[in-house]
Amino acid sequence: MLHLRGLDTPVAVEFAGPGGPDLLTAAHDAWSRCLADPSPDAVRRLVVVGDHPAAEPHGHPPIPTPDLTGADPAALLDRLSPLVTLAAIEAQAGVLLMLHAAAVADPVTGRALALVGPSGAGKTTATSVLARRWGYVTDETVGVREDATIAVYPKPLSVKVGDAPFKEQRSLDALGLAATPSGAHLHRVLLLDRDGSPEPWVEEVGTVEAVALLAPETSYLSRLERPLHRLARALGPRGLLRLHYREAEQLPDLVERLLEED
Amino acid sequence: MRVSCTAWHDWFVEGATSALFVDDRVLVMSELATEMLRLVGDGCDVDDLARRLGEVFGEPDNGLEEETRTRVLELVSTGVLQVEDVEAP
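Read top to bottom, the protein sequences are chains A and D.
Using the working numbering, you'd call the opening residue of the first sequence number 1 and step up by one each time.
Using the working numbering, you'd call the opening residue of the second sequence number 1 and step up by one each time.
Chain A on its own, in the form it takes in the complex:
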């Protein structure tokens, strides 16, 4: 059994079938930053069956109804990732403000920068560059508590490789990404706009427009009390910046400035 914790939510994953032990090892490695002690409060017990046998060997305990089955371990791990995410965000509906965002945080101050954008906006690519220097918080969903502290979700990086029909779940440790700081709190929110700008630049967005732009990039926003006000509070007096850029490698200098600003 793999016991995970992300977005303040414990999730258990059981691996069964002939491929189960190898899958558990691979998942343990990929999800190393989310490993947790077993919790009786786990919101979901996901069941993944590798190489689902046509018939269980005589005398073996029955395999529970699986959430996922398949023969390709990499494909199974790719399909597992959104299931874990979904279990966590469903559990936190009405509690956390959840942004579709990547985030990194300063290891000393805990200040975190959230990079908001829909799938394909460049969140993972930016994170893979920035988290070599700043602490990795997530590449998927930033959960913001009422007091602006962050419920971290240091899941594996989901990386599209070549023409593969699934994304590889890459271990943060193997990639050498920096550890997630404790006490991470939201300092700045950036809306990614990879528009090919030769140099990265930011523009301030007024709060009214900001909440309208960010709302589609949230999960279960309507379940929060006074959701737009919650969103505006999370932005704080610094507000939203729209980040225009071309390549993730351009971003570290800008991120350094933003994380050091008062």
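Worth flagging that the hints you see were computed from the coordinates, not collected in a lab.
Treat the hints with care, since some could be wrong.
[Claimed, not checked] Covered stretches of chain A, going by a simulated chain D footprint (3 or more residues, C-beta under 8 Å): (1) 12-20; (2) 36-43.
[To be verified] Here are some chain D residues the structure puts well away from chain A; computed CB gaps all over 12 Å: (3) C5; (4) G15; (5) A16; (6) R25; (7) R52; (8) G63; (9) R69.
The beta-carbon is built from N, C-alpha and C at its ideal position, and this holds for glycine as well.
Position chain D relative to chain A; hints supplied.
What follows is chain D alone, placed relative to chain A:
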């Protein structure tokens, strides 16, 4: 014609403009629309709304009541407002 607000998730006002969360969308409300929502409150008669909008913005070229009805129906079409007792044409 009486106009009132539909069930909103939230309304965030900053200065003269606002963002409104209704159904599954967040709409940016112009200065005029924001003032209309303020004035409608728990519900009001469209003629009263027109008079009060005239006090704030002045009279438009095509007449205050005509313009107000047009704007109200625009907000009705986006699910922000609802009307009752629509008069026969």
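Going through the numbered hints above, which ones does this structure break? Give me the numbers in ascending order. 1, 2, 4, 5, 6
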